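Student: Chain by chain, the residues:
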Amino acid sequence: MGIISAAGKDLSGNLLSLQQGRSAIGPLQNFPSRYADRLPFGEIKISNETLRRQAGITEPGVTRTTLLAIPAMKEAISNARLSEADLRSPRTAFINATTVGGMCLTDELAKDAHRKENGSEYLSSYDCASVTLFLMKYFGLTGISDTLNTACSSSANAILQGARLIRHGLADRAIVGGVDSLAKFTINGFNALHILSAEKSRPFDAGRNGLNLGEAAAFLVMENVTAAAGKKCFAALSGYCNANDAYHPSSLSDTGDGPVLAMEGALKSAGLAPGDIQYINAHGTGTENNDLAESRAMERVFGTVPLFSSTKPYTGHTLGAAGAVEAVFSMLSIGQQEAYATLNFTTPMPDSTLVPLTRNTRVPMQHVMSNSFGFGGNCSALVFSAC
Amino acid sequence: MLYILQATCVSPQPTYGLPDFSSPRHPVANRFHALEPDYQGIPTGILRRMGKAIRLAVGAALPMLKAFPTMPEGIIIGTGNGGMEDSIRFLDQIIAYDEGMLTPSDFVQSTTNAIAAQLGLLTGNKGYNSTHVQRGLAFEHALLDAGLLLRENKSAVYLVGGVDEISASNFNIDLLAGWFKQEIIDAADLYTSGTPGTIAGEGAAMFLVSLNPEGAMAHVTAMELLHTEDPGVVACTLQSFLEKNGNPGEPPDVFISGENGDIRNQPCLEAVEAMLPADAAIARYKHLVGDYATVSAVALWLGTLILQQQAIPGALVKKRGNLSTISRILLYNNYKNFQHSFLLLENVVAGSPA
Numbered sequence: 000m001g002i003i004s005a006a007g008k009d010l011s012g013n014l015l016s017l018q019q020g021r022s023a024i025g026p027l028q029n030f031p032s033r034y035a036d037r038l039p040f041g042e043i044k045i046s047n048e049t050l051r052r053q054a055g056i057t058e059p060g061v062t063r064t065t066l067l068a069i070p071a072m073k074e075a076i077s078n079a080r081l082s083e084a085d086l087r088s089p090r091t092a093f094i095n096a097t098t099v100g101g102m103c104l105t106d107e108l109a110k111d112a113h114r115k116e117n118g119s120e121y122l123s124s125y126d127c128a129s130v131t132l133f134l135m136k137y138f139g140l141t142g143i144s145d146t147l148n149t150a151c152s153s154s155a156n157a158i159l160q161g162a163r164l165i166r167h168g169l170a171d172r173a174i175v176g177g178v179d180s181l182a183k184f185t186i187n188g189f190n191a192l193h194i195l196s197a198e199k200s201r202p203f204d205a206g207r208n209g210l211n212l213g214e215a216a217a218f219l220v221m222e223n224v225t226a227a228a229g230k231k232c233f234a235a236l237s238g239y240c241n242a243n244d245a246y247h248p249s250s251l252s253d254t255g256d257g258p259v260l261a262m263e264g265a266l267k268s269a270g271l272a273p274g275d276i277q278y279i280n281a282h283g284t285g286t287e288n289n290d291l292a293e294s295r296a297m298e299r300v301f302g303t304v305p306l307f308s309s310t311k312p313y314t315g316h317t318l319g320a321a322g323a324v325e326a327v328f329s330m331l332s333i334g335q336q337e338a339y340a341t342l343n344f345t346t347p348m349p350d351s352t353l354v355p356l357t358r359n360t361r362v363p364m365q366h367v368m369s370n371s372f373g374f375g376g377n378c379s380a381l382v383f384s385a386c
Numbered sequence: 000m001l002y003i004l005q006a007t008c009v010s011p012q013p014t015y016g017l018p019d020f021s022s023p024r025h026p027v028a029n030r031f032h033a034l035e036p037d038y039q040g041i042p043t044g045i046l047r048r049m050g051k052a053i054r055l056a057v058g059a060a061l062p063m064l065k066a067f068p069t070m071p072e073g074i075i076i077g078t079g080n081g082g083m084e085d086s087i088r089f090l091d092q093i094i095a096y097d098e099g100m101l102t103p104s105d106f107v108q109s110t111t112n113a114i115a116a117q118l119g120l121l122t123g124n125k126g127y128n129s130t131h132v133q134r135g136l137a138f139e140h141a142l143l144d145a146g147l148l149l150r151e152n153k154s155a156v157y158l159v160g161g162v163d164e165i166s167a168s169n170f171n172i173d174l175l176a177g178w179f180k181q182e183i184i185d186a187a188d189l190y191t192s193g194t195p196g197t198i199a200g201e202g203a204a205m206f207l208v209s210l211n212p213e214g215a216m217a218h219v220t221a222m223e224l225l226h227t228e229d230p231g232v233v234a235c236t237l238q239s240f241l242e243k244n245g246n247p248g249e250p251p252d253v254f255i256s257g258e259n260g261d262i263r264n265q266p267c268l269e270a271v272e273a274m275l276p277a278d279a280a281i282a283r284y285k286h287l288v289g290d291y292a293t294v295s296a297v298a299l300w301l302g303t304l305i306l307q308q309q310a311i312p313g314a315l316v317k318k319r320g321n322l323s324t325i326s327r328i329l330l331y332n333n334y335k336n337f338q339h340s341f342l343l344l345e346n347v348v349a350g351s352p353a
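Protein chains in written order, with numbering that gives the first Met the number 0: chain A, 0 to 386; chain B, 0 to 353.
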């Protein structure tokens, strides 16, 4: 697996942030926005020029979303020791997820949508697929290649899609994950919905008042048992489920029906009982709606809810990348046998008895659940198990 | 792979309800706009707030879902751009109001997953819900996803659809990028223009699919997807696809071609046509509905119609061929000369495995 986020430019950097309880949430520096100093963000402090140079890209039209994906994919490919031939193989699938795609270029897109001549270099770079298509070319991938957008659960669905392709024999391995970059488009969208906090987000806290947006890329290499033989295994994906809340376009039902279905379905597909899960990496955005609905849902599914935390205070909410980022964190938890604290938490919610982990806790972990819920009621849950 | 139980299509032609190609509608300034159905049973307030892509999808899917005796186990949508018009409207607001307080509904509607989400919301469907956005293969990936789901849940029914809208903005961007013709043409001249670019379209085609052949309209037996610019690779892929999925001596009776009048796509198309039997009939459709990322969903709907009617509507015929019965149809699409799909659609034979 590989990752780049505000919490670190690679796997070890992210792990260090988790271990040290360090949040990198702060003012926006990479592009101008009237919210740059008013709202905190999980921004990766590397410029597009540097990312481009590091990736050796000279051609025009490559967006930040694509540029962020490259180092994370490279790290995942290197950790999985995939050869050039593995990458070229038609048996290697690639499932990418993004919600912003090239719309990180908010101003350029608005201009290109109206101008009559001299279009910008980005004309073919705005849609979500543009990211995937560039990455396919860059890494020489030829197998089944797909892009998913199910809002904030996108890359959780990319992971389960890759698993299903392998399970049904359509691929031997899959590179799966997601990427999103900060954009005026999403900043203003979430701001218009009044769900961005002016402070650092406080998931599951009584005083929570919104989320912080972030940017990240995270990718996993999944292989079937034969292809993975002899390799270092971070974890096994043992269960997954996608369900819909069917309640509201941009908020979860109070009863958390979609989250309940996703979590129950993931347990069922893993063949596990609720009591088998030692830790949940919650969606935990820090919005009033999500954290209460998710708490109710966890109570409904588990009765006695296992240890849980939200790692979004480390990275911000990275939207389409969040599912993959938190899949990586879940697997780091399994690898380190350590569940990471929810930063910024002080006071339990009045309408729930649940309290997230507030300090890093070493605990034997065989099975970990990771939740991802999105606009449109798109809810997914994944279960990772120690190898 | 799977059976098509029901199929509906909202397109620039009267394809909804009783399909009628006898007096085709024409594009206006190289753009085909969808002929929208009566949205019965949807409150006008809700309808007014829907972006066009969502509206087309709801118009195509909702009556079919209401008439079907059971709730599908999930909803899978392929779309290239989703609600592009809402996206641009929101972008324009960001700039016009210098990131002031904006109305969030355009933002919420503009996310590509809003189509599948709205269908789930309107029908109370809490099952699997996913949105594939792999540009010109978005619908094919939705279909592949449904095929995998049916392997996991053999008695299930899923709703699969391909939806896109053509707004002034995405037309403009693809025009600037050279994907639409610079000169205004009539639909009749699409295939003889000899210039790069095609004409734009929009629509929604929706399918209820299952592994159960009982009462099914058509049988999707195989599909192959590829990304390439090389006509040789396209031809090789088709050859192995037909070998892998063919009964010897039983080539496809009808070829539904994704020909779009862009001379740059011609080499791949010719490579494909060269591999067809001499007496195969050829149908094409982009002079009737335009071209867009998920237009292959319309092609699948047309294939289903052709199998049902055992005839190719006259307006679609490129080559009459030597047709007696139609039992096997090969569909080929080429999007922007890089994304290709092959699909085999066959008559339903009772008792054959999906």
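Hint data in this document are derived by calculation from the structure and do not stem from the laboratory.
Bear in mind the structure is a predicted one, so any value in this text is a computation, not a measurement.
Built from N, CA and C at the ideal position, the CB exists for glycine as well.
Mixed in with the good hints there might be a few duds.
[Unchecked claim] Residues from chain A that face chain B, not an exhaustive set, calculated with beta carbons under 10 Å:
| no. | residue |
| --- | --- |
| 1 | T97 |
| 2 | L122 |
| 3 | L164 |
| 4 | R166 |
| 5 | L192 |
| 6 | S196 |
| 7 | K199 |
| 8 | A228 |
| 9 | R299 |
| 10 | T303 |
| 11 | G373 |
Student: With reference to the structure, classify each hint as holding or not holding.
Tutor: Checked hints:
A distance limit of 10 Å between C-beta atoms decides the matter here; for T97(A) the minimum to chain B is near 8 Å, and the interface restraint holds. Interface restraint check for L122(A): the shortest CB-CB distance to chain B comes to about 4 Å, inside 10 Å, so the restraint holds. With a least beta-carbon distance of about 7 Å to chain B, the hint placing L164(A) at the interface is held under the 10 Å criterion. Evaluation of the R166(A) hint against chain B yields a held restraint, the C-beta minimum of about 8 Å falling below 10 Å.
Taking 10 Å as the C-beta contact cut-off toward chain B, the hint placing L192(A) at the interface holds, the least distance being around 4 Å. The beta carbon of S196(A) is not positioned within 10 Å of any beta carbon in chain B (closest approach about 16 Å), and the interface hint is therefore violated. Against a cut-off of 10 Å between C-beta atoms, the interface hint on K199(A) is violated, since the closest Cβ of chain B lies about 21 Å away. Checking A228(A) against chain B by beta carbon gives a least distance of about 25 Å; that is not within 10 Å, so the hint is violated.
The beta carbon of R299(A) comes no nearer than 14 Å to any beta carbon in chain B, farther than 10 Å, and the hint placing it at the interface is violated. Hint status for T303(A) relative to chain B: violated, with the closest Cβ pair at about 25 Å, above 10 Å. For G373(A), the interface hint holds, since its Cβ comes within 10 Å of a Cβ in chain B; the closest pair sits about 7 Å apart.
Taken one by one, the earlier hints fail for this structure at numbers 6, 7, 8, 9, 10, listed in ascending order.
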